[in-house]
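Since chain Y is already given, all that's left is putting chain U on it; use the hints.
Protein chains: 2
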Amino acid sequence: MQHSIRIGIAGYGSLGRGVETAIQKNPDLQLVGIFTRRAPETVSPCFTETKVFHMDALVDFQNQIDVLILCGGSKDDLPKQTPELASKFNTVDSFDTHARIPEFFDAVNAPALANKKTAMISIGWDPGMFSINRLFGEALLPDGETYTFWGKGLSQGHSDAIRRVEGVKAGVQYTIPSTDAMDKVRSGSRPELSTRDKHTRECYVVLEGGADAAKVEQAIVTMPDYFADYNTTVNFIDEETLRNEHNRMPHGGFVIRSGNTSDAHNQVMEFSLKLESNPEFTASVLVAYARACYRMNQMGQYGAKTAFDVAPGLLSMKSPEQLRKEIL
Amino acid sequence: MQHSIRIGIAGYGSLGRGVETAIQKNPDLQLVGIFTRRAPETVSPCFTETKVFHMDALVDFQNQIDVLILCGGSKDDLPKQTPELASKFNTVDSFDTHARIPEFFDAVNAPALANKKTAMISIGWDPGMFSINRLFGEALLPDGETYTFWGKGLSQGHSDAIRRVEGVKAGVQYTIPSTDAMDKVRSGSRPELSTRDKHTRECYVVLEGGADAAKVEQAIVTMPDYFADYNTTVNFIDEETLRNEHNRMPHGGFVIRSGNTSDAHNQVMEFSLKLESNPEFTASVLVAYARACYRMNQMGQYGAKTAFDVAPGLLSMKSPEQLRKEIL
Chain Y
3 MQHSIRIGIA GYGSLGRGVE TAIQKNPDLQ LVGIFTRRAP ETVSPCFTET
53 KVFHMDALVD FQNQIDVLIL CGGSKDDLPK QTPELASKFN TVDSFDTHAR
103 IPEFFDAVNA PALANKKTAM ISIGWDPGMF SINRLFGEAL LPDGETYTFW
153 GKGLSQGHSD AIRRVEGVKA GVQYTIPSTD AMDKVRSGSR PELSTRDKHT
203 RECYVVLEGG ADAAKVEQAI VTMPDYFADY NTTVNFIDEE TLRNEHNRMP
253 HGGFVIRSGN TSDAHNQVME FSLKLESNPE FTASVLVAYA RACYRMNQMG
303 QYGAKTAFDV APGLLSMKSP EQLRKEIL
Chain U
3 MQHSIRIGIA GYGSLGRGVE TAIQKNPDLQ LVGIFTRRAP ETVSPCFTET
53 KVFHMDALVD FQNQIDVLIL CGGSKDDLPK QTPELASKFN TVDSFDTHAR
103 IPEFFDAVNA PALANKKTAM ISIGWDPGMF SINRLFGEAL LPDGETYTFW
153 GKGLSQGHSD AIRRVEGVKA GVQYTIPSTD AMDKVRSGSR PELSTRDKHT
203 RECYVVLEGG ADAAKVEQAI VTMPDYFADY NTTVNFIDEE TLRNEHNRMP
253 HGGFVIRSGN TSDAHNQVME FSLKLESNPE FTASVLVAYA RACYRMNQMG
303 QYGAKTAFDV APGLLSMKSP EQLRKEIL
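Top line first, the protein sequences correspond to chains Y and U.
Numbering of the first sequence is given in our numbering, commencing with residue 3 and proceeding in unit increments.
Numbering of the second sequence is given in our numbering, commencing with residue 3 and proceeding in unit increments.
Hints are computed from structural coordinates only; laboratory data are not their basis.
The reader is advised that the hints may include incorrect statements.
Intra- or inter-copy, both count: the list cannot distinguish identical chains.
To be verified - Keeping only pairs whose Cα atoms sit at most 27 Å apart, straight-line, the calculated DSS-like set for lysine-lysine is: (1) Lys154 <-> Lys186; (2) Lys327 <-> Lys82; (3) Lys154 <-> Lys171; (4) Lys186 <-> Lys27; (5) Lys327 <-> Lys77; (6) Lys53 <-> Lys82; (7) Lys171 <-> Lys53; (8) Lys200 <-> Lys327; (9) Lys90 <-> Lys77; (10) Lys217 <-> Lys327; (11) Lys327 <-> Lys118; (12) Lys171 <-> Lys320; (13) Lys118 <-> Lys200; (14) Lys217 <-> Lys27; (15) Lys77 <-> Lys186; (16) Lys171 <-> Lys77.
In this text, all values refer to a predicted model and were calculated from it rather than measured experimentally.
Bound-form chain Y, shown alone (with noise of 0.2 Å):
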């Protein structure tokens, strides 16, 4: 019996207490324990048996953990945390600013690489899980399109969007994905769809005493960037509707691929994520990785490392001898 793989989480919101949460889930991982940069006394985590810490406490953690999971933000937190402590643990992220992916490969890969560290970056269901199947389109189906689909989930940044504008007490965001556009997609039609086409936006809004509902509805549908390109609708509803309707943070989404392997024959690929929570789901693909991540350090394979980098036998729990006897 192998020693179980020793996991420390660093940063404890949401996708920590996932991150928590996933572990249980995993019998061949242990949780050493919670790096928060609050006081420890005044975190309360999910399960009694976790033991907090101060994040300053980390560095005489080396030798008790075997991959770190960073469940900062992508904004402010991961581009400086993931560089500094690539150099002195195995680690795993979720840095999902997608534009600034290359840039970050590069700052965490050096000191992984000098360290002989693996750092697998971006992991999670976009970039992670989506990212994979739109690779496998691609690389199936060379003569054909790729399509991604968001929702119907909550979209952090929307609902922030509406919460800014006057008149406005509070309110959430729903992305939700054209059944008719993923429709055409699948027919093999291989459509040119613009923004307005694939997505539409829905919110649900309570108002400020006395505010005037036409001007919010028109100021939201009408705001540049977040919603003036979509079919948005806007829903008034007061707050106690609010926080029991909508308290939760689904999410998913499609990855369609059509193409063609000869004029004749068109062939549909999708794949699709229908989740109730998203930081779960997201802290769930992070706890596979850290295994991942574990095992290919143990095989030399340092530096920075994405999900395209991670053979799928790696996530698994089983034995490549059960892996091809039970599920190939």
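This is chain U only, laid out in the frame that chain Y set:
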């Protein structure tokens, strides 16, 4: 610019034709020729520039072929061919007798290892892409259930079984996944499904002159192993309809994983294929894995490999840098 990867095709049925066609869509691959057990001059390739050789000539091509794609059948050809040819070539095959994969792996692994060759076995969509998605499902949602549905698809084995019934002149059989069952799975309820719940079988039959339709129908729907455990419908058609409307080889299916990341949250992952030509898609998968096979051999990864051992990035024509920039 790297040199193209040089591909040989061993065996020239519908799968071999699919590989020949797929290579046209992959500019970094180059077809050396088709190797057949028939007299080469009796074989008409899909493209006039394709060269056809006798299988006995293969030995002379060891230095001219980077990867040999084996397009024979799993029952009689591959169990003999792959172990033999994997000592001389890097190979890719579509061995699909699930229960015999472990012994096939061993039989191929030894000669490949001994001769520093890479032998990619059991590639295609099931085993292959479906297996990868079963693995992703288990690894990312350990607390869950996986459901595989096949179809709508033409089943060769079941079509053959129909044609052996007395009074049947010709016929085809389609396997149809149950929409009801799939919807139950997608709802997150993790239903227990019997064989009869998951698929129905649809037969299109041309009768011999004077045959008794009721008797034929009865013989089909009660046939053990093939039809007795399913809800089977039998449609009688004339020969022209069979020729015009049932001359394709569509297939596909669904791998659905439903699991919980916590008591509160269910998550559903789904992968599906809708294929107008089963052999052409399988061929297209083989060709992408031939690229990975060549690269893994160059990296010194010898022996038998399955889809579980292949990092997704190795399948792509694009460089790791391009992949991170464009589709991660």
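Next item on the list: Could you work out which earlier hints the structure fails to respect and list their numbers in ascending sequence?
Entry: 7, 10, 12, 13, 14 and 15
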